[in-house]
Amino acid sequence: MKALAVSGLTFAYPDGTRAVNGVDLDIEIGERVAVLGPNGAGKTSLLLLLIGVLEAQAGSIEIGGLRLGPDNLGEIRRRLGLVFQDPDDQLFMPTVEQDVGFGPANLGLRGPELRARVTEALEAVGEADLAERAPHHLSGGERRRVSIATVLAMNPEILVLDEPTSNLDPAGRRELVGLLGGLDASQVVVTHDLPFALELCPRAVILDGGRVVADGPTAELMADRELMNSHRLELPYGFDPANIRRR
Amino acid sequence: MSGAHAHALHYHGHSPLHRAAPQVKLAGLVLFVLAVVMTPPVAVWAFSIYAAILVALVGVASIPPRFFLTRLSIDLPFVLFAFLLPFFGEGPRVDLGFLSLSSAGLLAAWNILVKATLGAGASVLLAATTEVSDIITGLRKLKVPIVLTAIAAFMIRYLDVIAGEMRRTRIAMKARGYDPSWIAQVGPLATAAGALFIRSYERGERVHQAMMARGFVGEFPAALDDREEIVRWWPAMAPVLIAWATMVMASLIT
Amino acid sequence: MHMPDGYINAATAVGGAAVAAGGIWASLRQSGRHLREKQIPMAGLTAAFVFAVQMLNFPVAAGTSGHLLGGALAAILLGPWMGALVVTVVVVVQALLFADGGIVALGLNVLNMALVTVLVGWLAFRVLMRVLPKTTGGAIGATMAAGFFGVLGSSTAFVIEYAIGGLGGAPLTTVFATMTGVHALIGIGEGLISGVAVGSVLAVRPDLVTATADLGLRRTATAPGRRTVTAFVAVGLGVALALVFFVAPFASTDPDGLERVAIDQGFSAGAQDHPIEGPLSDYGVSGLESDQVGTMLAGAIGVFVVFGLGLGLVSVIRRRRTA
Numbered sequence: 001m002k003a004l005a006v007s008g009l010t011f012a013y014p015d016g017t018r019a020v021n022g023v024d025l026d027i028e029i030g031e032r033v034a035v036l037g038p039n040g041a042g043k044t045s046l047l048l049l050l051i052g053v054l055e056a057q058a059g060s061i062e063i064g065g066l067r068l069g070p071d072n073l074g075e076i077r078r079r080l081g082l083v084f085q086d087p088d089d090q091l092f093m094p095t096v097e098q099d100v101g102f103g104p105a106n107l108g109l110r111g112p113e114l115r116a117r118v119t120e121a122l123e124a125v126g127e128a129d130l131a132e133r134a135p136h137h138l139s140g141g142e143r144r145r146v147s148i149a150t151v152l153a154m155n156p157e158i159l160v161l162d163e164p165t166s167n168l169d170p171a172g173r174r175e176l177v178g179l180l181g182g183l184d185a186s187q188v189v190v191t192h193d194l195p196f197a198l199e200l201c202p203r204a205v206i207l208d209g210g211r212v213v214a215d216g217p218t219a220e221l222m223a224d225r226e227l228m229n230s231h232r233l234e235l236p237y238g239f240d241p242a243n244i245r246r247r
Numbered sequence: 001m002s003g004a005h006a007h008a009l010h011y012h013g014h015s016p017l018h019r020a021a022p023q024v025k026l027a028g029l030v031l032f033v034l035a036v037v038m039t040p041p042v043a044v045w046a047f048s049i050y051a052a053i054l055v056a057l058v059g060v061a062s063i064p065p066r067f068f069l070t071r072l073s074i075d076l077p078f079v080l081f082a083f084l085l086p087f088f089g090e091g092p093r094v095d096l097g098f099l100s101l102s103s104a105g106l107l108a109a110w111n112i113l114v115k116a117t118l119g120a121g122a123s124v125l126l127a128a129t130t131e132v133s134d135i136i137t138g139l140r141k142l143k144v145p146i147v148l149t150a151i152a153a154f155m156i157r158y159l160d161v162i163a164g165e166m167r168r169t170r171i172a173m174k175a176r177g178y179d180p181s182w183i184a185q186v187g188p189l190a191t192a193a194g195a196l197f198i199r200s201y202e203r204g205e206r207v208h209q210a211m212m213a214r215g216f217v218g219e220f221p222a223a224l225d226d227r228e229e230i231v232r233w234w235p236a237m238a239p240v241l242i243a244w245a246t247m248v249m250a251s252l253i254t
Numbered sequence: 001m002h003m004p005d006g007y008i009n010a011a012t013a014v015g016g017a018a019v020a021a022g023g024i025w026a027s028l029r030q031s032g033r034h035l036r037e038k039q040i041p042m043a044g045l046t047a048a049f050v051f052a053v054q055m056l057n058f059p060v061a062a063g064t065s066g067h068l069l070g071g072a073l074a075a076i077l078l079g080p081w082m083g084a085l086v087v088t089v090v091v092v093v094q095a096l097l098f099a100d101g102g103i104v105a106l107g108l109n110v111l112n113m114a115l116v117t118v119l120v121g122w123l124a125f126r127v128l129m130r131v132l133p134k135t136t137g138g139a140i141g142a143t144m145a146a147g148f149f150g151v152l153g154s155s156t157a158f159v160i161e162y163a164i165g166g167l168g169g170a171p172l173t174t175v176f177a178t179m180t181g182v183h184a185l186i187g188i189g190e191g192l193i194s195g196v197a198v199g200s201v202l203a204v205r206p207d208l209v210t211a212t213a214d215l216g217l218r219r220t221a222t223a224p225g226r227r228t229v230t231a232f233v234a235v236g237l238g239v240a241l242a243l244v245f246f247v248a249p250f251a252s253t254d255p256d257g258l259e260r261v262a263i264d265q266g267f268s269a270g271a272q273d274h275p276i277e278g279p280l281s282d283y284g285v286s287g288l289e290s291d292q293v294g295t296m297l298a299g300a301i302g303v304f305v306v307f308g309l310g311l312g313l314v315s316v317i318r319r320r321r322t323a
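Chains as they are written, first to last, in the working numbering: chain Z, 1 to 247; chain S, 1 to 254; chain C, 1 to 323.
A few of these clues could be false.
As the list claims (entries may be wrong) - Here are the in silico distance ranges between beta carbons for each label pair:
#: 1; chain 1: S; residue 1: Met237; chain 2: C; residue 2: Val19; range: 23 to 31 Å
#: 2; chain 1: Z; residue 1: Leu73; chain 2: S; residue 2: Phe67; range: 45 to 53 Å
#: 3; chain 1: C; residue 1: Phe246; chain 2: Z; residue 2: Gly16; range: 37 to 45 Å
#: 4; chain 1: Z; residue 1: His137; chain 2: S; residue 2: Ser73; range: 48 to 56 Å
#: 5; chain 1: S; residue 1: Arg66; chain 2: Z; residue 2: Ser166; range: 42 to 50 Å
Derived from the structure by calculation, the hints contain no laboratory data. Note that CB positions come from ideal geometry on N, CA and C, so glycine has one too.
Just chain Z, with the same shape it has in the complex:
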């Protein structure tokens, strides 16, 4: 059984734009995969398809063996936790506690069980003392970590993150690598941050024009200059994947 199995996924917007054009993607349990690609490649649409917010016109999505359909969206959304690019979109309750509790409450948890789950999730991201705070008083890094906690609180099997390092300072990025690296859940990380992708994810796929155009070990993909450049994925200055000692 795979953590995620996407087959022949196709989606076009009402105005005809083909956002996802036959995507095949399999993620093994416990794997961490980076999804790279230029802007407009269909990455955001793909993520919304995975949680059933958008409805595909063709193809299938299976999460932990469960096929996504209109009658099991609740369970799908528990199994696959989506961390949005802008934490402000995700932290919509008056306090951190209520935000982190929102997901588990929707799953039916109440009272002390709910509170325990909230504490657990906040501790997992190292922000247990932020419970009573209001989201707009948090720093960028704190918001990022809390937004991850809101998703972890649902005990997902696979975590999908959309540009998690955007707006983080270098220390924040390093902390995020540490945090994500320590989680058990399978992970799909959509990112522009190539060093981050290399550090966290052994495997990477390149998404361009709505389809997967490359799939392999991250270091190998990045060492292929032609491949990277042809998909607008230039390496940062001084970054040489071939010469990085893997931990």
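With chain Z's structure known, arrange chains S and C on it following the hints.
Chains S and C in isolation, oriented as in the chain Z frame:
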């Protein structure tokens, strides 16, 4: 900006007033101000009782007088024009030194001044002793439809975000030399307002997607803020009772 | 125009609150169909937008600035029911969290600023779009008018409330003339800003403008042209002056006319609080004598100036507050 605003009115503390249940404070506020407004303006003694009640409550809440008075002065402009009524009012005049003032106008000015100030004082007291999210909870407990309180909660949450976007847009405009000084120049500002609407709307869509991603199916789980609490209406209602007794007596006497 | 407590007596305020509650209930019922779970976060975000835009300082002239009420704008962008709910939430939160506006007067403030402006703005827009060309340019023109009339509607509502439950002190006719005159001026600004804002939304996401959704607009201008603006301002000023001048001669034929009527008809609450106005002895009285009209006007203009100063003061202080 509003987060800062709301905090400009909130004064952190642990007084009995701070700890009182929000629905009790809200009900108390409405009833108190109602008594004030129903009092005939000629009964000046009644208003000193109301003022004394407010002062006492400010003391109980341990709010620094300066804090309270500064917040109160925000409402000053609206009553300022009341001062001009005696000059333009009609009917019998009263001579005050070299000024000839309308007595009806004087009465009306006094009426506005004292009631607006007392009302504003009570409002400031509520805002100073109650957290923003508690006020929303209090409204819900007073049976305000959850649709409205939910909209209010989202509004409060995102006010800082939206106002921040607006502020940044204005700064960017200033940086490019646009700083309108009269109405013929407001075009770009209004255009920016339209763009802000679109961004707010689209963010609303993303928030909705984020809610769905965490299993939201239409019912707001009130799970976390429904702590079992015994709501104590007494002695919080004591000032309200005193106010109403005062008002009734004032109405009967006058 | 968040009126504080004390302008209007309790009976009228409570009555107004009841009317407002009815309007809110109707809006809730009507949007029920749309207010499924999707709309609530979006309503909240647009409420934040309305609140933020109300905080925006729009310069008027010489250091003074004005603020948008936003009722007509909300109606056109969100539809009358959602618009009413959203602006209601804004007004209520302003009163309870920011002590902006009275508590007993809250019902009246909701009525005037949320319900009346939204309803009048919506109706004005829809009626005008029946006669204006079905283009984005036409929609902008209709929005400008809607903003204007929304504000006027709001001030008229206040005057009616004042007639019923205000504690005298100023002749009703003077209040009417000046409130209407001042608000006609405010309405010009409101109309201009609303028109430009709606135009910019139509340019990018016309699907987000509820009031035009069923009109199948043809895309022409997405910003009011210079001539439209000048015409609008001229007409608006004309309406403002006409209202002030219309009331003055009407008042001087029977200076106590409106108030006498109010007392005779037994607007009871107003009657007992209202000191019986004697003839306007200081300003001169009955008869269409030209110097009477002149003095009446002088009084009206005097209060006009006072209102203007008051508003200017308000704006200056508000600006400092939001800076």
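Hint check:
1. S/Met237 - C/Val19: 23 to 31 Å: Given about 28 Å between the Cβ atoms, the range holds.
2. Z/Leu73 - S/Phe67: 45 to 53 Å: holds (50 Å)
3. C/Phe246 - Z/Gly16: 37 to 45 Å: Cβ of C/Phe246 to Cβ of Z/Gly16: about 57 Å, so the range 37 to 45 Å is violated.
4. Z/His137 - S/Ser73: 48 to 56 Å: Since Z/His137 and S/Ser73 have Cβ atoms about 27 Å apart, the given range 48 to 56 Å is violated.
5. S/Arg66 - Z/Ser166: 42 to 50 Å: holds (43 Å)
Checked against the numbered hints above, the structure breaks hints 3, 4 and satisfies the rest.
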